Amino acid sequence: MKQLKGTSLFVKALKEEGVDKVFGYPGGMVTDIFDELYKEDDIEVILPRHEQALVHEADGYARSTGKVGVCLVTSGPGAANMVTGIATAYYDSVPLVCFSGQVPLNLIGGDAFQEVDIIGITRGICKYGVILKDRKDLGRVIKEAFYIARTGKPGPVVIDLPKNIMVEMGDAEYPKEVNIRGYKPSTGVHIGQLKKAMGLLWKAEKPLLLIGGGVNIARAGEALTKFVEETQIPVVTTIMGKGAIDTTHPYYIGNVGMHGEYAANMAVSECDVLYSIGTRFSDRVTSKISEFAKKAKIVHIDIDSAAISKNIKVDIPIVADAGEALNAMIKYAKCCDTKEWMEILRKWKEEFPLVMRPSKGVCPEAVIEYINRNFERAIVVTDVGQHQMWTTQFLELTKKKQLLTSGGMGTMGYGLPAAIGARIGNPDCPVICITGDGGMQMNIQEMATAVAQELPVIICIMNNSYLGMVRQIQELFYARHYSSVCTRKRKGCDARCGGPSSKCPPYTPDFVKLAEAYDAFGIRVEKEEEIAPAFEAALRNTKAPTILEFLIDQKEMVLPMVQGGKPLTDMIMDY
Amino acid sequence: MKKRWISLYVENYSGVLVKVAGLFSAKAYNLDSLTVGPTEDPTVSRMTIGVISDDATFEQIKKQLNRCVEVIKVIDFTNIPIHRDELLYIKIASADKSDREEVFRIAQAFKAEVIDCDMEQILIRCVQSEQRNDSLIQLVHDNFKNIEVVRGGSVAIESISML
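Protein chains in written order, with numbering that gives the first Met the number 0: chain A, 0 to 574; chain B, 0 to 162.
Be a bit skeptical, because a hint or two may be false.
Said to hold, decoys possible - For lysine to any residue, the following SDA-like pairs were computed, each having C-alpha atoms within a straight-line distance of at most 25 Å:
1. A:LYS135 x B:GLU147
2. A:LYS312 x B:SER24
3. A:LYS312 x A:GLN192
4. A:LYS542 x A:ASP569
As the list claims (entries may be wrong) - Each pair of labels, with its calculated beta carbon distance range:
5. A:GLU176 x B:VAL17: 38 to 46 Å
6. A:MET572 x B:LEU16: 35 to 43 Å
7. B:ALA20 x A:LYS338: 25 to 33 Å
8. A:ILE571 x B:SER128: 53 to 61 Å
9. A:LEU106 x B:ALA20: 41 to 49 Å
10. A:LYS399 x B:ASN65: 37 to 45 Å
11. A:GLU350 x B:LEU16: 43 to 51 Å
For the record, the hints were derived by calculation from the structure and aren't laboratory data. Only a predicted model underlies this, so the values are computations on that prediction, with no experimental measurement involved. The C-beta atom is built at its ideal place from N, Cα and C for all residues, glycine as well.
Here chain A stands alone, though its shape is the one from the complex (with noise of 0.2 Å):
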């Protein structure tokens, strides 16, 4: 039988799984795996400058492209910094395999030198993880971590390679076939659950379909497009799944939940057939429980038979893909009169739109209203926080457009390497990163990946000097009491400060000067006239990426809120 070394089949592997790009650091336990990439050709080795941006970079390739992002990272403190991109991953459902390299199989347990349990460490937070033990079982590992990252519910999969196994000969294939005997994930609709949920529809006076992420994972848009437009059945969204059908759509009511639309909050909780697909009805969709869709049978479709039932009692489950279940409601799609039903939520559009009011400095909605009026095709990747709210309220999207971000964990620091995984995975799809002064903190050495990689990304800084989400908690539920928001402060300040005055030192850090550093460009924004010729900059970069700093009010708030525990239609309008 023909032998290879571990290292020359793990790259045979990548490359029948079709992977062409590896975002790798390396370190003591995997640098025979790093020489094998060396003398690659057809695998590109992305460096980013730190592990769990590493992972957020494999998680934006993922999102944006559809395809298994790989990621490659040493022993030890390498493993460990994926802990947080690994659980960003699994809470959005992305596939990924994520390779950390492990001291050998005979020093495990004596605690070695960078020698860390991630199987265990992970085993919470991701779809399934494990360590090789044996040179024999290296490709079948492989194999199996590749098919139970992209099917199912995908998610993220850890495999733990001891430096012995690796450079072991052995076998030289890799496996063509899966067969794992207690992962079976489900295919095909139960037509006949489907026409009862159906029923439910045509029977009904004020139907509503919820679409969560899973349809964007599905990437069922179009399907789902159709059948709204055959049964003229309003949508409203999750964040997740937002843009599975187009924003400027007259049948899009708008994003449900603790920031959601006016109209589509008393939508979900005055319709009386609420027909969910690929959402898991998480707090932040729901808010107080009891009170969520009080008035509605509930439709429940998802392709993990977990998620249903799980956190709201359903009246119809069903357990499919959300392209196959769509695929199967179109076949029997009919037009529901829903004139009466969309006159009501078209009043509660009018009566409370989404607008910001007019503030001092820049207004975050002029920035994203100027996203959305040039550019035609975009992907669009938000980090955590109040900028990411905004974005998921007033960003238009279209067919030509995406928007990735981290709504299950809300990962600060996820915006900038997502970023960049997004554009390494669409070289001519613009890529605009809206962040805030306070994520883009938490990975702000990506910088110096984005400048490497030479990639145009836009990087919109909405800078308030403030954590701007906690700061709004404050000052709505502490009596402002701004505890630990304030970026500016230094220990000279009032420890109890009261908000920001014409004695407080300037921004920190200067993000301009600061791109400079890192050879990229740097434009500061403070009038609404300068949003335009600071994008036009941007634009003509097509080489390196742009921070552009728009220093915003302070006092902006994300509006409406729903405070958490209190019903859907208890929201705060204004302040």
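Start from chain A and add chain B according to the hints.
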């Protein structure tokens, strides 16, 4: 809230036990008893799990277990006739002659066995349902000083005769 029993067929490799146990602690499910051992197929282990939960949580537990790649099959024992036993050892120290005679009588009544003794100590083994073992422990606890209890958790298998 009531006690329920599940049987799991799982892959027999390291990390699977902690995966299943970790699921219970991570999701705050109330794990009451867990036993595991290999089956007639050395690559497969079988777990017997006792949980205390309400109906909705129990449904979730089964689904969450089913979702684990390492779990091959989940069997809900709620409506299935089963044989279920738990191994229990009770050691009684400082037992005088009359104590030891009493222990023999109790063991006989409980269909337990006295398997070891010297002039001061006596060891009984009981293989019964965990409720019956509870009663035996209670009885011994109330009547003797210096007792030592070791119990193994329940194992269960589907009945043949549907009794």
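- Are the Cα positions of LYS312 (chain A) and GLN192 (chain A) separated by 25 Å at most? holds (17 Å)
- Message: If I claimed the Cβ atoms of ALA20 (chain B) and LYS338 (chain A) lie 25 to 33 Å apart, would that claim hold in this structure?
- Response: violated (56 Å)
- Query: Lying within 35 to 43 Å: is that true of the beta-carbon distance MET572 (chain A) to LEU16 (chain B)?
  - Reply: For LEU16 (chain B) against MET572 (chain A), whose Cβ atoms are near 52 Å apart, the range 35 to 43 Å is violated.
- Is 53 to 61 Å right for how far apart the beta carbons of ILE571 (chain A) and SER128 (chain B) are? holds (56 Å)
- Query: Is it true that the CA of LYS542 (chain A) sits at most 25 Å from the CA of ASP569 (chain A)?
  - Reply: violated (48 Å)
- Holds or violated: 37 to 45 Å for the Cβ distance of LYS399 (chain A) and ASN65 (chain B)? Taking Cβ atoms as reference, LYS399 (chain A) and ASN65 (chain B) lie about 39 Å apart, which means the hint holds.
- Assess, step by step, whether the Cα of LYS312 (chain A) is no farther than 25 Å from the Cα of SER24 (chain B), and give holds or violated. holds (23 Å)
- Within 38 to 46 Å or not, the Cβ separation of GLU176 (chain A) and VAL17 (chain B)? violated (29 Å)
- Task: Sort out whether GLU147 (chain B) lies within 25 Å of LYS135 (chain A), counting only the CA atoms.
- Result: violated (47 Å)
- Consistency of beta-carbon spacing, ALA20 (chain B) to LEU106 (chain A), with hint 41 to 49 Å: With Cβ atoms ~26 Å apart, the hint is violated.
- Item | Distance restraint hint 43 to 51 Å, applied to the beta-carbon atoms of GLU350 (chain A) and LEU16 (chain B) | violated (57 Å)
Violated hints for the displayed structure, listed by number in ascending order: 1, 4, 5, 6, 7, 9 and 11.
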